[in-house]
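Asker: Sequence:
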Amino acid sequence: MQQKKILVVEDEQALLTLYASVLEKGHNGYSFDVYRAGNYEEAMVLSNEHNFDILLTDYHLPGKDGINLIKSLKQKDTGIACIIISGYLSQDIVKAAKDAGAYTCLKKPCSIYMIKGTIEEALKYQKSSAPSAAVSETISPHREIQCLIDNYPTETVFIDKSLSIQAVNPQFKMLHPEALNKTCYSELYNRTQQCGTCPLNDTNAGAQLFYHGTLASGERINEQIDAWYDREGVHHGYIVSCVLPAEDETTGFLEKPQDTYFFFALDEQGTITYADNAVTQLFNHGDDIIGQSIAQYLHSYFIQLLIKEDMSFLQYAEKNSGHTVSLDFITKDSLIRRTLECELRINKGGFPPEWKVIVIGTDTSAKNEITRLIEFGKETFQQLRTGQFDMVFTIDRSMVIKTINRVTLAKLNARQKDMIGSNMKNLLYNRRDRYAFEQAIHQVQTLKNVYNLRLDLKYQNNKIASLVNISAVRDSFNDEMGYVLVCHDIERQLRMETTLQSIERMRALGQLAAGIAHQINNYTNAIYGSTDLLSDTLKENFTDHPEVIEETETVLRLIRGSIHRLTGLTKHLTTFARAQQPPVISPGDVNRVIIDIMSLLCSQADKKEVSLKTELDDQLPQVPFSPLHLEQGLLNIIMNAMDAVAEKTGKILITTYRDNDNIYIAVKDNGPGIPEEIKHQLFEAFVTTKPAGVGTGLGLNIAKNIIESLKGDITVDSGPGGTIMTLRIPIHNSEVIS
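Using our numbering, read the sequence shown as starting at 625 and increasing by one per residue.
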């Protein structure tokens, strides 16, 4: 026999033991020297000590995965044949394995015969990077298909593109022993030509569908048809498997699974001392299970539990004697997990003395799987319905909305009965969004989910900018049933970005304003000085003409007054430029700040024909504040009032008054009042009732922060007749002054 070295890498101890024990027996003229590893690091240590012919590895390993292991071993020895075996093989994993140099990928569960046969083929293929015709003849062109359909639970057949039967599984062969190389319609339906409604043609390549056929005996059957491609993506034919007789479609395994009972006994070391036929068939189809440790058949998580609790299986049984516990077993032949609901009993007489623990198990795998599927579905649907942040829609293939969550109703201010049954495209803002959505659905149909698609949703007067993730909901045959849309609201984020851009522009404008104010002041100083010079010149040269001097002085007073007003405007420009500087707090006159603001806003009020008046208490004491920052905060509040009132009929009144401890500034307007839904968040940043592009939502937030820095506060009284905002500033506050 040819001696070959095989490295088996599997973190599941029961499977690792199984693979090793099976391969150590050899196969078809090969004998194998088997080495075991539980993870990437252990495998690399062994590879430094030995040259392996074959690597059989799980994909999911602790730390680095099986593909990384293949890459590392291929760097050391390009001749090693690598096989990945995994319970989950996506298209991406298979492609990555092929790119890394893997010979093939096997999907769990698969029989030990398939593993042996694949290793044998890999060894033959290994002889030449371009196999000769002789070698190729030893590898059946449909070997991979044969291995695949052998694992189908029902009658399954492979049909090539000429509709000739090229491979059958044992269940099918029992019913049709002479089927090979016959046409499917002649063997199954006793016809001389192709069925008129047959879906087996190139236009359906890649599709998964049901075909309802009628046998020659008149019995109706259902067939699942899957197009089959090789590793290079070439379409070779179809795998056709019987699903269920049509009349039994509503019953079967999933609806009413049958219980199977298992009985076995263990000694005090956990060794199997007795097992009935059900147990021997479950694990290895033989009596050599007697004398084996139960640990090699139990799932690793349970073994880890025993190690963590520092107890043997006997101690665990004593602790749980008389109770029912759920245990997961790894079967030795079919390589699948079986869940047994086990009653553990301690032998207190009536059984052989070496039977320390009696185990009576019921196979509840099917029931447990159904329960898990149902609970998973319920939990998933519940999370979709009650998502806390994002809007979630489920739509069918016609894009009709089937379900929505509460967040969606709240954000769109909509009623569920108005949304369910409407077309999703009706919620999209414009033609561009609808086109982008249709293209995204087409992309999802090609098995690619869509992430962060920028769409604007609208419902009545509500518009929400969103990033949308779209994924398909598929049935067990990979057919689309509908789509799930998760829409993340980015309206606030966009407002924030716009505001930050506005702030940056304001900062640049402030620097520009300071420069302009400086230049204006230079010119006004020159003009002001020239008026003095002109006045002195007149007095010296026109002493005989007092009427000329008087008229000229009148004009010069007008010029000086205009210069003073212009200087006031440049003061506001420099104030604007210095508004972001730290406040300089000292006792000052609140009324003076209000008078300065009135001079700044009077022209704007006149333009809008709004009444802007003051009633100021001239007996107010001085209080500690920063004039620049108080002016900024108060200006924001008054500007909000001017935006709220109507032209020609709008009225704004600013009053000041005091009590023993505080000064109050009240700004009253006769606008429509503040909407009830935003009253609780009125002073939050970016909250505004103004149209897009008009307000940033920062004015009241800035005013609130300024007043709170003075240890004061702002109160709001608003209704349909108008709004009163009252600022309170403490008169005596040593903390602020310091």
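In case anyone wonders, no lab produced these hints; they're calculated from the structure.
Ideal placement from N, C-alpha and C gives every residue a C-beta, glycine not left out.
Keep in mind that a hint or two might mislead.
Computed list of lysine-lysine pairs in DSSO-like fashion (alpha-carbon distance at most 30 Å, straight line) [stated by the list, open to error]: (1) K1026 - K1087; (2) K972 - K1026; (3) K1292 - K1272; (4) K972 - K1041; (5) K1072 - K1087; (6) K1087 - K1049; (7) K700 - K688; (8) K731 - K719; (9) K1072 - K785; (10) K1232 - K1163; (11) K688 - K698; (12) K1292 - K1232; (13) K722 - K806; (14) K1303 - K1041.
Restraint-style ranges between C-beta atoms, simulated for each label pair [what the hints assert, rightly or not]: (15) E1121 - Y1059: 19 to 29 Å; (16) F1307 - Q1228: 21 to 31 Å; (17) N944 - S655: 43 to 53 Å; (18) Q1228 - H1304: 27 to 37 Å; (19) N1085 - M1105: 18 to 28 Å; (20) S645 - Q893: 14 to 24 Å; (21) R1116 - L1182: 33 to 43 Å.
Asker: Run through the hints listed earlier and report the numbers of any the structure violates, in increasing order.
Answerer: 2, 4, 10, 13, 19 and 21
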